Amino acid sequence: MSQQDFTPDEMMTIAASRALKNDDVCFVGIGAPSAACNVARLTHAPDITLIYESGTIGTAPDVLPLSIGDGELCDTAVTTVSVPEMFRYWLQGGRVTIGFLGAAQLDRFGNINTTVIGEYDSPKTRLPGGGGAPEIASLSGEIYITMKQSLRGMVDKIDFFTSFGHGEGGDHRQRLGMTTRGPTMLITDLAIWRPDSETKSFQVVSLHPGVTREAVQATCGWQVEFADRVDETPAPSELELDTLRALKARTKAAHERTENKGEAA
Amino acid sequence: MAKFQTLQQAVADNLKDGDSVAFEGFTHLIPHAAAHEVIRQGRKDLTLIRMTPDVVYDQIIGMGLAKKLIFSYAGNPGVGLLRRVRDAVENQWPQPLELEEHSHAAMANAYEAGAAGLPCAIFRGYLGAELARVNPRIKTIECPFTGETLAAVPALRPDVTFIHAQKADRKGNVLIEGILGVQKEAVLAAHRSVITFEELVDDLDSHPNACILPHWTMSALCQVPGGAHPSYASGYYTRDNSNYLAWDRVAADRATFLAWMKDNVLEASPDDFASRVSALRTAA
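Which chain is which? The protein sequence lines are V and X, in order.
Counting with the working numbering, you get residues 11 to 275 for the letters of the first sequence.
Counting with the working numbering, you get residues 5 to 288 for the letters of the second sequence.
In case anyone wonders, no lab produced these hints; they're calculated from the structure.
Each hint should be verified, as a subset may be incorrect.
[What the hints assert, rightly or not] Here are the computed lysine-lysine pairs in the DSSO-like style, where the Cα-Cα straight-line distance is at most 27 Å:
hint	chain 1	residue 1	chain 2	residue 2
1	X	Lys72	V	Lys134
2	X	Lys71	V	Lys134
3	X	Lys72	X	Lys48
4	V	Lys134	V	Lys167
5	V	Lys158	V	Lys262
6	X	Lys143	X	Lys175
7	V	Lys167	X	Lys143
8	V	Lys262	V	Lys167
9	X	Lys143	X	Lys71
Since the structure is predicted, the reported quantities are computational estimates derived from the model, not experimental observations.
Just need the whole structure built from these sequences, with the hints factored in.
Written out as structure tokens, the structure reads:
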């Protein structure tokens with residue numbers, strides 16, 4: 011096979027960006043989701059509304075923020091509201107169509123752990139915690155998840171249910187009183203996954219160019235299911251790649267510009 | 005009625021050992037100078053409240069001033085984990101730290117309930133979330149009209165709230181612009197509050213719906229230019245992202261951390277903040 015001119019990370023970001031539509035209202039998690047959402051905005055979805063939990067609504071940053079509250083997000087937003095208003099009126103009020111999340115630990119039902127590795131009371135590793143994710147996961151119209159595959163990240167059983175996906179699968183969400191759809195797509199560096207309509211367990215529906223089924227299983231801690239029909243994800247277009255790379259280059263330059271002589275924090 | 009004071013005096017007058025204290029600012033306008041003054045004065049047994057206990061709480065907790073943390077996201081935004089908080093939780097160094105952990109929605113609602121004088125906040129939250137199992141202060145309540153099960157958490161009423169703002173006028177009215185976070189709610193929920201600010205002006209020059217805290221809602225006002233560094237003050241200076249990245253190395257090791265705190269906090273003063281933002285200034 012010929013050498014590909016894009017990396018698995020780039021394929022992941024671009025595949026994730028394609029999932030977003032021009033009329034979506036997307037609550038953006040920091041990191042990989044943020045890059046994907048902004049590539050969507052800069053390519054096929056120029057009017058997408060991006061919301062960050064710092065209260066910025068309809069933001070259009072020229073560079074990717076390091077944090078969810080960088081000044082760039084506010085400066086380019088349609089409006090910026092307080093954090094209580096963000097969570098009450100806009101998320102709880104049902105205005106968000108897509109919640110786009112990353113995950114430290116994920117299971118096959120789209121349940122996410124970002125709280126602890128090990129026991130909660132005596133953790134092996136204390137992770138940052140849920141932040142906005144528990145309510146983003148239950149109150150957004152549907153959830154997209156993006157993460158790099160690894161045996162540590164994609165596990166048979168997560169250590170802590172920070173954000174509820176499909177729980178034990180099936181109609182578990184409805185049984186808890188949730189009316190939103192939950193995780194409907196998982197985009198990794200190797201594949202696109204969607205939940206089975208009955209069991210709600212993720213199945214591979216598309217393999218990225220050059221990726222084998224064995225490679226997907228080798229970096230996933232649960233027994234991977236493949237859909238009856240598995241497509242090949244279209245390779246990134248020139249426009250998509252150029253847009254992503256330019257965005258990353260602008261971001262790197264901007265973050266280096268803030269290099270400060272002072273020593274103190 | 006607010007008093008204009010030095011930060012040293014305002015901290016001494018308002019924060020006591022054992023108090024519950026919020027330092028708020030959602031990435032923007034984080035009151036670093038105030039936190040450093042608290043560290044210098046060595047307040048003990050604090051219950052720290054903050055939605056996003058980032059670098060500023062890594063420092064307070066690493067210096068052994070806190071017995072409890074009420075929070076919803078303990079990370080260094082965009083960088084990674086908080087190594088001093090981890091050391092306290094995982095290894096009880098320099099002392100054990102009790103955690104009361106929530107989601108952002110819960111904390112934001114709880115501050116709002118505190119500001120509104122309510123005993124608790126009610127919201128649609130924690131559905132399927134395991135925090136409700138490990139935090140006994142997360143409860144549910146049935147809506148008396150629809151029967152829907154909703155989450156309830158106690159209102160946040162800090163003994164003291166510290167925030168940083170852009171401007172104060174000579175009467176002590178304070179203007180906050182840009183990412184507003186939960187600062188207004190945190191001040192109105194608190195029994196006492198101390199506000200540091202960038203610039204003293206004759207006229208706040210704001211629009212009719214601006215986020216303004218009237219002077220009679222706070223205890224003390226202290227002008228500390230640069231007082232949010234390495235966080236930022238929109239209109240004054242940008243976020244020192246490289247400093248947040250560097251913190252990951254400083255906090256990785258106990259000795260490096262303590263040496264850094266001695267040089268940059270214990271042997272420094274509020275006046276040092278202005279020079280730390282000189283290369284980051286955006287306004288003329």
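>> Can you confirm whether the C-alpha distance between lysine 143 of chain X and lysine 175 of chain X stays at or below 27 Å?
In response: Distance of about 42 Å is beyond 27 Å: violated.
> Keeping to a limit of 27 Å between CA atoms, is the pair of lysine 72 of chain X and lysine 134 of chain V held or broken?
Replying inline: holds (20 Å)
>> So if I understand the rule, the pair passes when the alpha-carbon distance is 27 Å or less; does lysine 158 of chain V with lysine 262 of chain V pass?
In response: Satisfied, since the Cα-Cα distance of roughly 21 Å is no more than 27 Å.
> Does lysine 71 of chain X pair with lysine 134 of chain V here, judged by a C-alpha cut-off of 27 Å?
Replying inline: Holds - the C-alpha atoms of lysine 134 of chain V and lysine 71 of chain X are around 21 Å apart, at most 27 Å.
>> Just to be careful, I want the Cα atoms of lysine 134 of chain V and lysine 167 of chain V compared with a cutoff of 27 Å; is the pair within it?
In response: Status holds; Cα separation ~16 Å.
>> Tell me if the straight-line CA distance from lysine 262 of chain V to lysine 167 of chain V falls inside 27 Å.
In response: violated (36 Å)
> Hey, lysine 143 of chain X versus lysine 71 of chain X, does the alpha-carbon distance stay inside 27 Å?
Replying inline: holds (24 Å)
>> Holds or violated: lysine 167 of chain V and lysine 143 of chain X, Cα atoms, limit 27 Å.
In response: holds (26 Å)
>> lysine 72 of chain X and lysine 48 of chain X were given as a pair; does the straight-line alpha-carbon distance stay at or below 27 Å?
In response: Holds - the C-alpha atoms of lysine 48 of chain X and lysine 72 of chain X are around 11 Å apart, at most 27 Å.
The structure shown violates the earlier hints numbered 6, 8.
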